Amino acid sequence: MRQAPIFRMRRAAVHTLLGGYTLIAILPVLLIVMNSFKDRKAIFNHPLAFPTPSSFSLIGYETVLKQGDFLSYFQNSLIVTVGSLFFILLFGAMASFALTEYRFRGNVFLGLFLALGVMVPIRLGTIAILEMMAKTGLVNSLFALILVYTAQGLPLACFVLSEFMRTVSADLKNAGRVDGLSEYVVFFRLVLPLVRPAMATVAIFSMIPVWNDLWFPLILAPAEGTKTITLGTQVFIGQFVTNWNAVLAALTLSLTPVLVLYLIFSRQLIRGLTAGAVK
Amino acid sequence: MTDSTTYRRARRWHILVFLAPALLVYTVLMVLPLAETLRLSLYTETEQVRSFVGFANFTVLFGDPRWAQTFWNALGNNVQFFLIHMAVQNPVGIALAALLSVPRLRGRSAYRTTIFMPTMLSFVVIGFIWKLILSPLWGVAPSLLAAIGLKSLFGPWLGQEHTALIAISLVSVWQFIGIPMMLIYAALLSIPDEVIEAAECDGVSGLAQFWKIKLPLILPAIGLISILTFVANFNAFDLIYVSQGALAGPNFATDILGTFLYRTFFGHQLQLGDQHMGATIATVMFLIILSVVAFYLLVIHRRMRRYQF
Amino acid sequence: MPRQNFRTAILGSTALAIGVLLSSAAFAEDVTLTIESWRNDDLPIWQDKIIPAFEAANPGIKVVFSPTAPTEYNAALNTKLDAGTAGDLITCRPFDASLELFKKGHLTAVNDVPGMDTFSPVAKSAWSTDDGASTFCVPMASVIHGFIYNKDAFEKVGVAVPKTEEEFFAALDKIKAEGSYVPMAMGTADQWEAATMGYQNIGPNYWHGEDGRKALIEGKEKLTDADWVAPYQVLKRWADYLGDGFKAQTYPDSQNMFALGRAAIYPAGSWDISVFNTQAEFKMGAFYPPVKGAGDTCYISDHADIAMGANAKSAHPEETKKFLAWLTSADFADIYANSLPGFFSLSSHEVKLQDPLAQEFVNWRSTCKQTIRSTYQILSRGTPNLENETWGASANVINGAETPEAAAKRLQDGLDSWYKPGQ
Numbered sequence: 022m023r024q025a026p027i028f029r030m031r032r033a034a035v036h037t038l039l040g041g042y043t044l045i046a047i048l049p050v051l052l053i054v055m056n057s058f059k060d061r062k063a064i065f066n067h068p069l070a071f072p073t074p075s076s077f078s079l080i081g082y083e084t085v086l087k088q089g090d091f092l093s094y095f096q097n098s099l100i101v102t103v104g105s106l107f108f109i110l111l112f113g114a115m116a117s118f119a120l121t122e123y124r125f126r127g128n129v130f131l132g133l134f135l136a137l138g139v140m141v142p143i144r145l146g147t148i149a150i151l152e153m154m155a156k157t158g159l160v161n162s163l164f165a166l167i168l169v170y171t172a173q174g175l176p177l178a179c180f181v182l183s184e185f186m187r188t189v190s191a192d193l194k195n196a197g198r199v200d201g202l203s204e205y206v207v208f209f210r211l212v213l214p215l216v217r218p219a220m221a222t223v224a225i226f227s228m229i230p231v232w233n234d235l236w237f238p239l240i241l242a243p244a245e246g247t248k249t250i251t252l253g254t255q256v257f258i259g260q261f262v263t264n265w266n267a268v269l270a271a272l273t274l275s276l277t278p279v280l281v282l283y284l285i286f287s288r289q290l291i292r293g294l295t296a297g298a299v300k
Numbered sequence: 052m053t054d055s056t057t058y059r060r061a062r063r064w065h066i067l068v069f070l071a072p073a074l075l076v077y078t079v080l081m082v083l084p085l086a087e088t089l090r091l092s093l094y095t096e097t098e099q100v101r102s103f104v105g106f107a108n109f110t111v112l113f114g115d116p117r118w119a120q121t122f123w124n125a126l127g128n129n130v131q132f133f134l135i136h137m138a139v140q141n142p143v144g145i146a147l148a149a150l151l152s153v154p155r156l157r158g159r160s161a162y163r164t165t166i167f168m169p170t171m172l173s174f175v176v177i178g179f180i181w182k183l184i185l186s187p188l189w190g191v192a193p194s195l196l197a198a199i200g201l202k203s204l205f206g207p208w209l210g211q212e213h214t215a216l217i218a219i220s221l222v223s224v225w226q227f228i229g230i231p232m233m234l235i236y237a238a239l240l241s242i243p244d245e246v247i248e249a250a251e252c253d254g255v256s257g258l259a260q261f262w263k264i265k266l267p268l269i270l271p272a273i274g275l276i277s278i279l280t281f282v283a284n285f286n287a288f289d290l291i292y293v294s295q296g297a298l299a300g301p302n303f304a305t306d307i308l309g310t311f312l313y314r315t316f317f318g319h320q321l322q323l324g325d326q327h328m329g330a331t332i333a334t335v336m337f338l339i340i341l342s343v344v345a346f347y348l349l350v351i352h353r354r355m356r357r358y359q360f
Numbered sequence: 007m008p009r010q011n012f013r014t015a016i017l018g019s020t021a022l023a024i025g026v027l028l029s030s031a032a033f034a035e036d037v038t039l040t041i042e043s044w045r046n047d048d049l050p051i052w053q054d055k056i057i058p059a060f061e062a063a064n065p066g067i068k069v070v071f072s073p074t075a076p077t078e079y080n081a082a083l084n085t086k087l088d089a090g091t092a093g094d095l096i097t098c099r100p101f102d103a104s105l106e107l108f109k110k111g112h113l114t115a116v117n118d119v120p121g122m123d124t125f126s127p128v129a130k131s132a133w134s135t136d137d138g139a140s141t142f143c144v145p146m147a148s149v150i151h152g153f154i155y156n157k158d159a160f161e162k163v164g165v166a167v168p169k170t171e172e173e174f175f176a177a178l179d180k181i182k183a184e185g186s187y188v189p190m191a192m193g194t195a196d197q198w199e200a201a202t203m204g205y206q207n208i209g210p211n212y213w214h215g216e217d218g219r220k221a222l223i224e225g226k227e228k229l230t231d232a233d234w235v236a237p238y239q240v241l242k243r244w245a246d247y248l249g250d251g252f253k254a255q256t257y258p259d260s261q262n263m264f265a266l267g268r269a270a271i272y273p274a275g276s277w278d279i280s281v282f283n284t285q286a287e288f289k290m291g292a293f294y295p296p297v298k299g300a301g302d303t304c305y306i307s308d309h310a311d312i313a314m315g316a317n318a319k320s321a322h323p324e325e326t327k328k329f330l331a332w333l334t335s336a337d338f339a340d341i342y343a344n345s346l347p348g349f350f351s352l353s354s355h356e357v358k359l360q361d362p363l364a365q366e367f368v369n370w371r372s373t374c375k376q377t378i379r380s381t382y383q384i385l386s387r388g389t390p391n392l393e394n395e396t397w398g399a400s401a402n403v404i405n406g407a408e409t410p411e412a413a414a415k416r417l418q419d420g421l422d423s424w425y426k427p428g429q
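Chains as they are written, first to last, in the numbering used here: chain A, 22 to 300; chain B, 52 to 360; chain C, 7 to 429.
Treat the hints with care, since some could be wrong.
Below, a list of computed lysine to aspartate or glutamate pairs in the EDC-like style, where the Cα atoms sit at most 20 Å apart [claimed, not checked]:
1) Lys319/C with Glu152/A
2) Lys110/C with Asp325/B
3) Lys426/C with Asp115/B
4) Lys415/C with Glu98/B
5) Lys68/C with Glu152/A
6) Lys426/C with Glu98/B
7) Lys68/C with Asp250/C
8) Lys327/C with Asp47/C
9) Lys62/A with Asp158/C
10) Lys182/C with Asp88/C
11) Lys110/C with Glu96/B
12) Lys68/C with Asp88/C
13) Lys265/B with Glu251/B
14) Lys162/C with Asp54/C
15) Lys156/A with Glu87/B
16) Lys156/A with Asp54/C
17) Lys110/C with Glu245/A
18) Lys263/B with Asp244/B
19) Lys109/C with Glu96/B
20) Lys242/C with Glu212/B
21) Lys109/C with Asp325/B
22) Lys202/B with Asp250/C
23) Lys87/A with Asp88/C
24) Lys62/A with Asp88/C
25) Lys87/A with Asp54/C
26) Lys242/C with Asp158/C
Just so you know, the hints here were simulated from the structure itself, not pulled from any lab data. Note that the coordinates shown come from a computational prediction; the quantities given were computed from them, not determined experimentally.
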């Protein structure tokens, strides 16, 4: 009997704390989205008010959509992100499998070699990368970005995936081998499905920097046809910096697709994160 | 005999096939360009002619008072930036994770999803959003503070030397808090039920249970998060660049190694980029990160393993 | 009949084939030039006005204006030049930054571009080698500093346009006391705003324009001399008249503050005119930097700011040169000056300005002596870079983080560490 009120109070405290922080997390974003639908006067004079019929305005969106092709920016970002993730996961998983499954000379060295990449930002190698892309004619192609991001993502992928490959039972693999399955089949059919949660973790951690990168799109693929959404947004903000209607609309347009995708996949993402992180 | 050798040879080929794509992409696009950059730190260029100078650039970086002062200032700020993350991001992240892991909590996934959301947004968007919110012109922050009667606390935080670094660190914490929260949450979930049941039998519950039972068990996860935070913080650049500019104002109060490196390597406004000094700074950063990570792996990580169950 | 048909068919298809061939040949001949620029604000004007005018006069050449945000411009451009992937036409910053690009062989000399004689040696000096032998960019425009004010505010508060420093501060005091307006819209968060709109704006009156600037380069004057410290002492006094939280106020914040009618005076670069023309809903006027004593000669910063050069690695050098030649034409001077009021042509062509505010700025050229920004020529060749250091110093002085004297000493020490005058 005495437990109940304390229990309820505790519950209330937990919800207050979590709810409070949730507000902190979401308010800034709401503020931007909300004000992007208001006219200039209302943005400056009543920033905290919801748009009303009299202050409602889409002028910012008109300006932005007239100037740039946000749909194509978004599409480019999507291609680059999905492409990079595919190669990071495939190559990363293959390499980690080799490193953990087989004993061979240089095994430890290769593991360390791959891990080094976690520590230095790849941006430092920009000049050499750009020269290479220029020589191979890949400048202003999305493929150049995919290659760079794959290289950037591999170290972390190998690091995390190796940890998981070790936990896959040897009996299973050996049973497969006894059944005459080739090493490739063992890897793709038996091992890969088992490390799927870890792959999800890697996917999330690799996706965020790829999607949000400004530097390599700016240097490697600045053409209108290959602009990513982050670069497109940056150009817009620079161009309309005093026109807050346009700035807020551009910010909203650039964060909406991410948020929509995030909300659709959040269950999978979080399951991946939590399952993958058990260590 | 022959059987086993063919088997072995076959295995060799597999290894190569499995390793080749990753090693190739990684070596060609990351290691070689980076090695090239590090190599540049041993060279200098006068009148368009590159010449080998040994460690002279390092002598300049640490010996010339102007370079040295900028470097130590950036390093100091970077350490503060990291400490603020450790002091705010990780404890709050752990607390949020602990709250989320309360059994039979309603709305759990909604909380989780929302709190993790800022991590998904780009630096460009986040830098700009917070600049707008903290802008003295727009007045969102002052009126929010006024609503809770604290208007007098408001200041132009991003513009004052003694508050700018703290303000920008907190924005960064806001952005990334989802990551420690999720990792710790996962670690808490992985604690076996028997351990918790045993604790409850002994009458240890609630907060005491968290401190005495759960926290020691999630120490390895906290260690992992700390080292990830360290590497991320010492590579950080974008947020400060987007919101404070390449000069990392006011008066270099928010200058960290990443912004210092960028300014030196690529130049800024009338200052032309100096690839050789830039490469020197990059090398020093690399060594700092490498030594801390090595220390963590060799000393702390090993010790923590011992306590794992 | 069938024969006839057959022949017509052959003729027809041949004609068609030739037509296709011709048009595809014409298509193949279409050359596309890319312009690198930091003027992302001007994108629509290039797309809608300037480029169509050029393309109409030069069929077969297509031009793409591809700007980068000003803060990333130099880094991105230099990287692309080093790797050989930069555009055909490069927008040039004045003096040392572009000189270095020329020395490295990234820019070609433009001496032989037809029409270069429409620019005076002074206009060309910002993009020429020290000996004047080679010019490497075609000058496009200069910008003038001064103050833009809200006429309605001045009327309401009852202040007249200040001519002297004393009148200037009296006006600021009066506006502040009246209370409906922030006296002056400027912030220190972006640093360059304090240096460019503050120090370089009022400075020439104190160091006597070109005389002082040249004396500094020759080593006859020092930044610690009274004439060079004075502008910092005046800037320090500005702090009292700036808006709340000016330390976190960015350049766009200042623009918005003035355009919304919240501030009375705006320390300006002439390029701000076009922004205010579209956004401000009040009458505006402009005045040149107030002089120290009544009757003193006034000096204005009329700074050669923007030019365009040819990438030495361009695949289309002929077409690139054609474009540069077009930049020297009266047509271009007229389109540019009138679609971007506040950018004043550097050519000798007679340009009729339609914008009254821009005209006001230009009128000062006949009343005041002209100079360029003190830090741009020669003095920003080394490390520490005087221009960049001046940003920090100006912001620090206004913020109260450094005294005018200490800031001046720091700048002079930095300069002394690498610059030996007279070499």
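Structure-based check of each hint:
The hinted pair formed by Lys319/C and Glu152/A meets the criterion: a straight-line CA distance of about 14 Å does not exceed 20 Å. Under the criterion of a C-alpha separation no larger than 20 Å, the hint pairing Lys110/C with Asp325/B is consistent with the structure, at around 13 Å. The suggested pairing of Lys426/C with Asp115/B holds, with an alpha-carbon distance near 18 Å, which does not exceed 20 Å. Taking the CA atoms of Lys415/C and Glu98/B, the gap is about 30 Å. The hint is violated against a cut of 20 Å.
For the proposed pair Lys68/C and Glu152/A, the alpha carbon gap of about 26 Å is over 20 Å, so the pair is violated. The straight-line distance between the Cα atoms of Lys426/C and Glu98/B is roughly 18 Å, inside the 20 Å bound, and the hint therefore holds. With a C-alpha separation of about 49 Å, the suggested pairing of Lys68/C with Asp250/C is violated against the 20 Å cut-off. With a C-alpha separation of about 25 Å, the suggested pair Lys327/C and Asp47/C falls outside the 20 Å cut-off, and the hint is violated.
Of the pairs offered as hints, the one joining Lys62/A and Asp158/C holds, with about 19 Å between alpha carbons and a cut-off of 20 Å not exceeded. Using a Cα cut-off of 20 Å, the hinted pair Lys182/C and Asp88/C is violated, with the two alpha carbons roughly 52 Å apart. Taken as a hint, the Lys110/C and Glu96/B pair is honoured in the structure, with Cα atoms around 12 Å apart against an allowance of 20 Å. For the proposed pair Lys68/C and Asp88/C, the alpha carbon gap of about 25 Å is over 20 Å, so the pair is violated.
Proposed proximity of Lys265/B and Glu251/B is supported: the alpha carbons are some 12 Å apart, at most 20 Å. Distance check on the hinted pair: Lys162/C and Asp54/C sit about 40 Å apart at the alpha-carbon level, beyond 20 Å; violated. For the proposed pair Lys156/A and Glu87/B, the alpha carbon gap of about 17 Å is at most 20 Å, so the pair holds. Distance check on the hinted pair: Lys156/A and Asp54/C sit about 34 Å apart at the alpha-carbon level, beyond 20 Å; violated.
Taken as a hint, the Lys110/C and Glu245/A pair is broken in the structure, with Cα atoms around 29 Å apart against an allowance of 20 Å. Between the alpha carbons of Lys263/B and Asp244/B the distance comes to roughly 15 Å, so the proposed pair stays at or under 20 Å and holds. Between Lys109/C and Glu96/B the alpha-carbon distance is near 13 Å, which keeps this suggested pair within the 20 Å criterion. Our distance criterion of 20 Å between C-alpha atoms is met by Lys242/C and Glu212/B, whose separation comes to about 17 Å.
The straight-line distance between the Cα atoms of Lys109/C and Asp325/B is roughly 15 Å, inside the 20 Å bound, and the hint therefore holds. Of the pairs offered as hints, the one joining Lys202/B and Asp250/C holds, with about 13 Å between alpha carbons and a cut-off of 20 Å not exceeded. Taking the CA atoms of Lys87/A and Asp88/C, the gap is near 34 Å; set against the 20 Å cutoff, the hint is violated. Pair hint Lys62/A plus Asp88/C does not hold up; C-alpha atoms about 46 Å apart against a cutoff of 20 Å.
Using a Cα cut-off of 20 Å, the hinted pair Lys87/A and Asp54/C holds, with the two alpha carbons roughly 13 Å apart. Our distance criterion of 20 Å between C-alpha atoms is broken by Lys242/C and Asp158/C, whose separation comes to about 27 Å.
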